[in-house]
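Participant: Those protein sequences? They're chains A and B, same order as listed.
Those letters in the first sequence? Residues 25 to 361, by this note's numbering.
Those letters in the second sequence? Residues 25 to 361, by this note's numbering.
One thing to keep in mind: the hints can contain errors.
Identical chains share a label here; the pair holds if one copy fits it or two copies do between them.
In the DSBU-like style, the derived pairs of lysine-lysine whose C-alpha atoms are separated by at most 30 angstroms in a straight line are [stated by the list, open to error]: (1) K287 - K163; (2) K355 - K79; (3) K135 - K276; (4) K277 - K318; (5) K171 - K276; (6) K163 - K79; (7) K276 - K355; (8) K318 - K135; (9) K318 - K287.
Simulated from the structure, these hints should not be mistaken for lab results.
Number of protein chains: 2
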Amino acid sequence: MSLNELTAEMLPALEAELQRVVARLNQPHTQAYHEMLTYHMGWSGEGAGPEATGKRVRPLLVLLSCQASGGNWLHAIPAAAAVELIHNFSLVHDDIQDNSDLRRGRPTVWKRWGMPQAINAGDGLFVLAHLALADLEGKFPPETILKVFRLFDETCLDLTRGQFLDIAYEQRADLSLEAYWPMVAGKTAALLAACCEIGAVLGGADETVQASYKSFGNYLGLAFQVQDDYLGIWGDSALTGKSAESDLATGKKSFPVLAGLAKGGAFARRWAEGPIRPEEVPALADRLAAEGVKLLTQETADQMTDLALAALRTADPQGEAGDALFELTQKLLGRQA
Amino acid sequence: MSLNELTAEMLPALEAELQRVVARLNQPHTQAYHEMLTYHMGWSGEGAGPEATGKRVRPLLVLLSCQASGGNWLHAIPAAAAVELIHNFSLVHDDIQDNSDLRRGRPTVWKRWGMPQAINAGDGLFVLAHLALADLEGKFPPETILKVFRLFDETCLDLTRGQFLDIAYEQRADLSLEAYWPMVAGKTAALLAACCEIGAVLGGADETVQASYKSFGNYLGLAFQVQDDYLGIWGDSALTGKSAESDLATGKKSFPVLAGLAKGGAFARRWAEGPIRPEEVPALADRLAAEGVKLLTQETADQMTDLALAALRTADPQGEAGDALFELTQKLLGRQA
């Protein structure tokens, strides 16, 4: 069974669980609150549908890791729902913090319902994630569930650490590459690492194997982010016609930007002079490439990908779910395993 | 041992635990994040000290309920820290949502560090509350801790329900008294009910007794809020010299305001015409009293107080902690038990 076939089984079960958890708010007095969450999750309102839900990569990692490490993915569904809800909590708050108008092509929650309600809607997703996790009860021993709770909240704290750094960095001009990793570790890698680790815990893997799954998720997250940063400057849409969306124009402190600042060359001097205009973007992207940063970024993404694959091989995932984990890695990172 | 003597024992232990939990952020890269939380908690920055910490009523309810229902309050300290952290999470977000500049006489977190960091600081307190709860491990059976987790997160969901209603009500002119209870149940009563219930669960009380403690906390919260609403219009500071701080001037949808709107008299007609100017406040407060609302508000607070005391008697709290619970109720509600 391929990744696609497993996904076709898993996603409907996940979606049903997510809707069941969010439906706790579908009650007298709070229906408008419920609607904010179903809108954000991609189930209701204009533009609802598969394009609006996101790819649900994180819950798939939980389910595949559980199955591949000896468990039954059906029992891990509450934990898969929890990580997806946490991811969406962070998106709702992130959109307020970044003043973003659009998310997956639709108006953001704060844009539609105002900032105060959007803060509260994010808080609601955060709580629902924890209530989803509590639904593991009866399927696993209490000790296992408590371990997952602790792991989950340690990860949430990492998310807020990464978000703190991301916001703090906006104001700073003195950053270089060493500032990158703690931010990305929190914002991207921590949750992916937790997905794989939680899957392995629920799959009944021993602690060494749990650690390998965690390491796989961590490097998968780092590789994905560095590659995403690469595409944010040298990807097709960043270079052709959509220069205003380039990370150079938005001022994002991405890997190539921080690497370019560390070089202290022409790119760094231009960056220090203030915001980049869209018409400058193509030439500045070339400049950055000429300073060796394009190659460095690609090499770094490749290194992280190698580390992810090595950790996954060490974890030795079994069966079709195991194959699907390699396939998912390849799909996310665009590389042959 | 009186309430004061018990408090003098409990508060230092609580404060030490709170500081220990928050110190998870006192690490390289995140010290400024840590500082936001220690500032908000009243431990650092200008104006730090007892005036800035708040009264810690909620954790005291956990500890006293635990001790009075047969437990050892020292073991319940992590849960007491958790409810205080959740309370403070809600204050940090509330101050953003209400656009409040001051909290306990000091600039609010968003005022000092900006809205994006303040949203994140609130999120951090939310996570830390859960990590505090996880520290019950080893002191109680895993099943008990999972029960407390579930109860805690159900309560957090109630908090967001109340907050949703509070924000939604600001825009609405068609409200009457029936809109009041679901909002106050979520915003104030749910957390106080959970404090007492969690205390009883950790104290080893049976389920009937747990329910009585929960009921006590619920009515305590309702009584406290109605009384607070009373003071917001007819209290000394609302009437003398600080009319701008009267709930009439701020437009808060408090119990007396909603009761006045339900009367459909002169008060309701004036309210419908738009914001109340400070110089109108004393006469309008008199108008509301003449329409019977002052008496109704006092009677309602008294009824809720009676229900709280009846529930507490049913819970039959034992020993000095039991006496202290009656004393605390009296202190909070200004009434003889």
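Participant: Work down the list of hints and note, for each, if the structure agrees.
Facilitator: Against the structure, the hints:
no.: 1; hint: K287 - K163; result: neither (53 angstroms within a copy, 54 angstroms between copies)
no.: 2; hint: K355 - K79; result: within (12 angstroms within a copy, 54 angstroms between copies)
no.: 3; hint: K135 - K276; result: both (22 angstroms within a copy, 25 angstroms between copies)
no.: 4; hint: K277 - K318; result: within (15 angstroms within a copy, 58 angstroms between copies)
no.: 5; hint: K171 - K276; result: neither (36 angstroms within a copy, 43 angstroms between copies)
no.: 6; hint: K163 - K79; result: within (26 angstroms within a copy, 41 angstroms between copies)
no.: 7; hint: K276 - K355; result: within (25 angstroms within a copy, 53 angstroms between copies)
no.: 8; hint: K318 - K135; result: neither (35 angstroms within a copy, 40 angstroms between copies)
no.: 9; hint: K318 - K287; result: within (12 angstroms within a copy, 71 angstroms between copies)
Of the hints listed earlier, those the structure fails to meet are numbers 1, 5, 8, in rising order.
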